[in-house]
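Residue numbers (my numbering), protein chains in the order written: chain A, 1 to 397; chain B, 1001 to 1218.
Don't take every hint at face value.
To be verified - Example chain A residues on the side facing chain B (calculated, C-beta under 10 Å, incomplete): (1) Glu102; (2) Leu162; (3) Glu166; (4) Pro169; (5) Ser178; (6) Leu182.
Please keep in mind that the hints were generated in silico from the structure rather than gathered at the bench.
Using N, Cα and C, we set each Cβ at its ideal position, and we do this for glycine too.
In case you want the letters, here they are:
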Amino acid sequence: MIATRAKGLRYNVLGRQHILSVLRGGRRHVGGGDAARAKAWKTEEAGGMEQNLPLPLCKVDEKRSSVRLGALVRAYNELRGAIAGELSSSPSFKRDDHAPNEENLCTELSWLFEDSVCLDPAELRRLLRSGGNECRSVEGEDEGRVIRSRLTLNEFQDVWHLRLRERLPIQYILGMASWYDLELRVGPGVLIPRPETEVLLDLALGALGEERGLGSHPWLDLGTGTGALAIGLARHSEGACGSRVRVEAIEASENAAAYASENIERYGLQDGVRLFRGSWFEPLEAEERHRKAFGGIVSNPPYITDEEMIGLQDEVRLHEPRSALFGGATRGMDGLLHIVEESPKYLVPGGFLGLETGGPIQATHLGSLMRGQAWDRVEVKPDLQGVPRFLVARTRK
Amino acid sequence: MLAMAGTTVARQLRGLGGARAGGSRRGGGLGPSPCHRLVRCRSQLPDYLALDDEQLWQQCQMETFRASGPGGQHRNKVESAVRVKHTPTDIVASATEKRSQHENRREAVKRLRSKIALKVRRKTDLDLEEGFQVPAELAAILPTRKKSMRYGQKHREYPRGVQVLMDLLVANNLSLADTARCLNLSTGALSRLITADNDLLSEINQQRQSLGMRPLRK
Chain A
1 MIATRAKGLR YNVLGRQHIL SVLRGGRRHV GGGDAARAKA WKTEEAGGME
51 QNLPLPLCKV DEKRSSVRLG ALVRAYNELR GAIAGELSSS PSFKRDDHAP
101 NEENLCTELS WLFEDSVCLD PAELRRLLRS GGNECRSVEG EDEGRVIRSR
151 LTLNEFQDVW HLRLRERLPI QYILGMASWY DLELRVGPGV LIPRPETEVL
201 LDLALGALGE ERGLGSHPWL DLGTGTGALA IGLARHSEGA CGSRVRVEAI
251 EASENAAAYA SENIERYGLQ DGVRLFRGSW FEPLEAEERH RKAFGGIVSN
301 PPYITDEEMI GLQDEVRLHE PRSALFGGAT RGMDGLLHIV EESPKYLVPG
351 GFLGLETGGP IQATHLGSLM RGQAWDRVEV KPDLQGVPRF LVARTRK
Chain B
1001 MLAMAGTTVA RQLRGLGGAR AGGSRRGGGL GPSPCHRLVR CRSQLPDYLA
1051 LDDEQLWQQC QMETFRASGP GGQHRNKVES AVRVKHTPTD IVASATEKRS
1101 QHENRREAVK RLRSKIALKV RRKTDLDLEE GFQVPAELAA ILPTRKKSMR
1151 YGQKHREYPR GVQVLMDLLV ANNLSLADTA RCLNLSTGAL SRLITADNDL
1201 LSEINQQRQS LGMRPLRK
């Protein structure tokens, strides 16, 4: 049994640099690993590794270290037990109203272990499930069982330090975000796709199912970030409308585009999703053939207002790219207004527009604006928490 | 809490199909073979499991576990737990272990199907004169079928077979021997089928115990 140290944990001073070098330096390519997660990376092995993106934790060489199961479980319990203390003592958590709670952090800690330890995730979960903050020790043979881990016990502490003290989002630490049915590569410089946006994909697929003809035209994802919406559309359009929709994804940030390109390749969609660099419609403007050519447009543009920017959760404010968050001076709607205004030029008659907004104020405002214009069937749809968030509409036929 | 909700529903549903003839007789296993009895229900419940996921989903209310703050880009969120309530039956299912909401939703619907199979009873006609016609959904999970042709517990259609099996068991007052006879199976083979599925086993045992019958063992 291990007594939790009263205030925080001891960390290696060189933690951050060291961890980043572990994640970056990893050309030591790995096979196997966690079978369920490994499936999605098949395409990566074909050559996607050339780009200089940080390696996701679950792709780091699993032979980097060996740990005894007993020690691993104790390390987990120690880190887990320290969460509550950290939440109540750390100023960064105390002043942040939107900070993650203990339950969230426990979930994240278990993800960190799942991605690092070479055990079946279900088995690992069973071993780590300790019931509250009690330490559970592993007994008998299991105690000394040696298992492979991508991180050493010290490194677990270092990484967790980055999470708690620097509020680095867990998805950046893991280098992966789970979204819809996808495992997407993420890292500093690209917005971590949000669960709310899964609903936008469902709305778009719903529109395709309802009017299958829209699938015979290409679709457009503006500000694709990780490529989440574009990849989701390309992968699921066939199920929705019977034909695989071609998607053009546009991204202004070079860094984000590198992630999008990597993710597109990992899902083997080089033919289905084309990635363009530029701001909103810019890459399409020059060519006449793009006019009235798209069956649908989806976008999750930055929509956070000036006032909201200061109050954001630290994970978001300190680490995610401002360009993917800040929606500009027009009450956060610079991007949204631009897209609403320009979209009719690019959509076929009856074409679909689906936008994520910051919430009821923006959604209602844009909705009433659109009703007076070239749009039909303008509707505001709620996210899974019931917040009016999405704006869907069709161009007039 | 979820389990409690499920039980209440089950009771109501059993109430709906309340003409179960053996209901008043405790002790079980006595009297004429229940296969000779015609079991009727006052109301016929729709076949929810015949619906595809999307249709079933539309009969559900979804609750995510925590709603706080403005959401969307404002927050880095790892809560992905999903809880669904099937409105027509009030059966609730949830999933928390997947990392994305979509995956948890899919998992929750899968669990909902299993729960519907265990909790929603429909009328079964048992008429030995003509012999019991084993419905295709049930035949698909029975050991009489070649293993490669049989639907295992992970198969999407497996719950439909379980639902018909439960209907039949309840019509036979949860007697394994009588049910096995209807299916032309040995009691042992039926017992193996049941004990291989923990949820099915525990549902049957709960019901058997409430009738004062001995629980089945693994």
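Here is how each hint holds up against the structure:
Because the beta carbon of Glu102/A sits about 12 Å from the nearest beta carbon in chain B, more than 10 Å, this interface hint is broken. A hinted interface residue such as Leu162/A counts as satisfied when its beta carbon comes closer than 10 Å to some beta carbon of chain B; here the least separation is about 14 Å, so the hint is violated. Evaluation of the Glu166/A hint against chain B yields a violated restraint, the C-beta minimum of about 13 Å exceeding 10 Å. The interface hint given for Pro169/A holds, since its Cβ lies 5 Å from the closest Cβ of chain B, which is under the 10 Å cut-off.
A least Cβ separation of about 4 Å between Ser178/A and chain B falls short of the 10 Å threshold, and the interface hint therefore holds. Below 10 Å, beta-carbon pairs count as interface contacts, and Leu182/A has one with chain B at about 8 Å; its hint therefore holds.
Of the numbered hints given earlier, the model fails hints 1, 2 and 3; all others are met.
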